[in-house]
Amino acid sequence: MDFAGAYSSSNLIYLLQGFAVTLKVAIVAIVLSFIFGCILGILRYAKIPVVSHVVALVVEVIRNLPLILIIFFTYFALPEIGIKMSVTMAAIAALTVFESAMIAEIVRGGLNSIPKGQIEAARSSGLSYIQTLWYIILPQALKKMIPPLVSQFISLLKDTSLAIIISLPELLHNAKGVYSGESGAKYIIPILLLAGFMYFIVNYLLSILARRLEKRLDPDRSAAKQLANTTENLL
Amino acid sequence: MLDFSILTDNFDLYMQGFVNTIKISIIGLIASFILGNIIAVFRLAPVKLLNLIGTVYVEVIRNIPLILTGFFFYNGLSYFHINFSGFTAGTIALSIYTAAFIAEAVRAGIQSVDKGQLEAARSTGLTYIQAMRYVILPQAIKIVIPPIGNQFLNLVKNSSILGVFAGLDLMYYADIIHEKTWVTFDTYIFVGMFYLVLTIPLSLLVNFLERRLAKTD
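As they're listed, the protein sequences go chains A and B.
To convert a position in the first sequence, counted from 1, into the working numbering, add 125.
To convert a position in the second sequence, counted from 1, into the working numbering, add 11.
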């Protein structure tokens, strides 16, 4: 095992470049999937005839597919029906589609957790359904949703590593680049340790943030409810 | 529309992958359940060293990508002249990864049972072990089953990782079929359907269990 050689400055820079791609892709995907996820979640929550059922079906199908399949399909299969995109776009698109479905469920769960009395009181004081949703329900629900959302962001950061199968130049891909080939074999463990450490640091800090947020926003959540609400998805 | 001949001509290949995915999932579930419970006990034990080992295990494994763990077992151990097959390396990584989440679920479940239960049980003369067995664990199990069901669902989806290491699962066979037929779109749509056959019933089962167990409170 050659730690010194593994951690040469060129290798480190290469890994950091990969890490930058990881963060870029993750952030774009989380922002987009938050927007789409909210829309899907609200559509399902509002129980609109036909629309809600279609959304439910789409969300359930996407949620139950492996993300690696969605990524592979987006980049390699869609061109066969005319939809071509770059590796980065495919990675972002696939991650967004998958995470939107996940976030849709988080949003729906958050909205469902608001007591019906709130809606009844709001409607009986003259607010329309949309006003009720916007001014009363959503603000309360968003507070409850923050911990599972941060949890989902952590998952998404980890899931960017799946894009290695379409050769997205993210952290794990670059790490593999460093240790592949004849001369790289002695670098495998040091490089994997370093890459693992980089993922670990970001995610660990994020999870501490999530726990702090949860304590501050919802102190009366029992451990059991916490358990029921933790969304851990693929990877 | 879809070219179903790709499905029928290669059905035996699809089935190989499907059956292997099931095998991987079951082995993974058993292994991760056992390991997960051990880690949970470590975290709950009154021994600081075991607590530390348990906590480190859970925090490290949960925060790094599953693929990375997979590469560690598939490529990383070659330095020590251990060369696992894709199937073995993948299943080990999958089990280790899922065990961390199961450990957390079990730990939170046991801790969520009201402390008063343990105190009352002990004060009526039950030993710690008896209290756990007859009072705490039965209540904890009810709380823990839905998250574990969820983890099994994730395990089945995560098994698709094995395709990256030539692990003989559905994704691996999909690649073989794709090379045979030169078609990507239809091939992988069918792969998706095979996964849904596994994951949707499981997902419905987990929902059912959640509602059932919440009712008996």
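It should be emphasised that the hints constitute simulated quantities derived from the structure, not laboratory data.
C-beta atoms are modelled at their ideal positions from N, C-alpha and C, and glycine is treated no differently.
Incorrect hints may have been included.
List time: in silico DSS-like cross-link candidates among lysine-lysine, alpha-carbon distance up to 27 Å [stated by the list, open to error]: (1) B:Lys191 with A:Lys209; (2) A:Lys172 with A:Lys311; (3) B:Lys126 with A:Lys269; (4) A:Lys172 with B:Lys153.
On the chain A side, residues computed to face chain B include the following (Cβ under 7 Å) [as the list claims (entries may be wrong)]: (5) Ile193; (6) Met323; (7) Ala335; (8) Arg337.
Now the hints, each set against the structure:
| no. | hint | in the structure |
| --- | --- | --- |
| 1 | B:Lys191 with A:Lys209 | holds (23 Å) |
| 2 | A:Lys172 with A:Lys311 | violated (58 Å) |
| 3 | B:Lys126 with A:Lys269 | holds (26 Å) |
| 4 | A:Lys172 with B:Lys153 | violated (30 Å) |
| 5 | Ile193 | holds (5 Å) |
| 6 | Met323 | violated (9 Å) |
| 7 | Ala335 | violated (12 Å) |
| 8 | Arg337 | violated (16 Å) |
Comparing the model with each numbered hint stated earlier shows that hints 2, 4, 6, 7 and 8 do not hold.
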